[in-house]
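K.L.:
These protein sequence lines map, in sequence, to chains G and R. Heads up: the first sequence begins at 1 in the working numbering, then just goes up one per residue. Heads up: the second sequence begins at 110 in the working numbering, then just goes up one per residue.
Calculated from the structure, these hints are not laboratory results. You may find that some hints are simply not true.
Computed beta-carbon distance windows for the label pairs [unchecked claim]:
#1 I39/G x P180/R: 26 to 34 Å
#2 D120/R x Q45/G: 22 to 30 Å
#3 N181/R x M10/G: 38 to 46 Å
#4 N191/R x K108/G: 22 to 30 Å
#5 E14/G x T165/R: 41 to 49 Å
A few chain R positions that, by computed beta-carbon distances, are all more than 10 Å from chain G [what the hints assert, rightly or not]:
#6 G125
#7 Q137
#8 I172
#9 N191
The calculated DMTMM-like cross-link candidates involving lysine to aspartate or glutamate, where the alpha carbons are at most 20 Å apart (straight line), are [said to hold, decoys possible]:
#10 K108/G x D11/G
#11 K52/G x E212/R
#12 K3/G x E167/R
#13 K3/G x E58/G
Quick reminder that beta carbons are idealized off the backbone N, C-alpha and C, glycines included.
Chain residues, written in single-letter form:
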Amino acid sequence: DAKTTQPPSMDCAEGRAANLPCNHSTISGNEYVYWYRQIHSQGPQYIIHGLKNNETNEMASLIITEDRKSSTLILPHATLRDTAVYYCIVRVGGNDMRFGAGTRLTVKP
Amino acid sequence: SAVISQKPSRDICQRGTSLTIQCQVDSQVTMMFWYRQQPGQSLTLIATANQGSEATYESGFVIDKFPISRPNLTFSTLTVSNMSPEDSSIYLCSVLRDSYTGELFFGEGSRLTVL
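With these hints in hand, go ahead and build the complete structure from the sequences.
P.N.:
What follows is the structure, encoded as structure tokens:
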């Protein structure tokens, strides 16, 4: 599976959009981009995934560049409860998930 | 969504002993995964457990240290054997919730402290 690079930490003001970047320059054509988050003391939670088209669900939007070498997870209106570690993972779908270091997002009032 | 129950939720153990962690899922699943999360670190995959076959271990993890059982499609156990303080971690069970999306669903984890 392709390796991902994320900033170790980010801050965001409550109510503003949180934009979390991820670089995956070695991604292959059949690898999906997944985002999970882990709130303190809980198991990871699935957020969203995509292959090459932008995706949106009730939690977030995923923007994937045309060359697929990077993506951005957008939380449109961040709340204090969105404070968590966010993991970007690229892999062929269906099986195990391998986690990198992630981005620690802190939403501040 | 699948409900995963892990037991124990936390435990404190003595060096040299073994502990078995149970993972119960409320629906039948083909693939189950065990992860370890050491303090302040990300998750590391230990092994994949499929019903009816031996678990597949990742590099750095061996069956003698982390034996896994998968007796049916709703249950699995992970044993941490001959524990040392370095085994102090959160151990998480995960299942493939949706084979189409590839989404994994995680339990809340078992926090193990080895003295």
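K.L.:
Each of the hints needs a verdict: does it hold here or not?
P.N.:
So, going through the hints one by one against the coordinates:
1. For the pair I39/G and P180/R, the beta carbons lie near 32 Å from each other, so the given range of 26 to 34 Å is met.
2. Here the CB-CB span from D120/R to Q45/G is close to 24 Å, well matched to the stated 22 to 30 Å.
3. The supplied range of 38 to 46 Å is met by N181/R and M10/G, whose beta-carbon atoms lie about 43 Å from each other.
4. Our hint of 22 to 30 Å for N191/R and K108/G is violated, since their Cβ atoms are close to 45 Å apart.
5. The hinted range of 41 to 49 Å is satisfied by E14/G and T165/R, whose Cβ atoms lie roughly 43 Å apart.
6. Even its closest Cβ contact with chain G, about 28 Å, leaves G125/R beyond 10 Å, as expected for a residue assigned away from the interface.
7. Residue placement check: Q137/R keeps its beta carbon more than 10 Å from all beta carbons of chain G (closest about 17 Å).
8. Every Cβ of chain G is farther than 10 Å from the Cβ of I172/R; the closest lies at roughly 17 Å, confirming the non-interface assignment.
9. In this structure N191/R is separated from chain G by more than 10 Å, as the shortest Cβ-Cβ distance comes to about 26 Å.
10. With a C-alpha separation of about 7 Å, the suggested pairing of K108/G with D11/G holds against the 20 Å cut-off.
11. Between the alpha carbons of K52/G and E212/R the distance comes to roughly 17 Å, so the proposed pair stays at or under 20 Å and holds.
12. Distance restraint check for K3/G and E167/R: the Cα-Cα separation of roughly 17 Å lies within the 20 Å cut-off, and the hinted pair is therefore satisfied.
13. About 27 Å separates the Cα atoms of K3/G and E58/G, which puts this hinted pair outside 20 Å; it is violated.
Hint violations for this structure: numbers 4, 13, all remaining hints satisfied.
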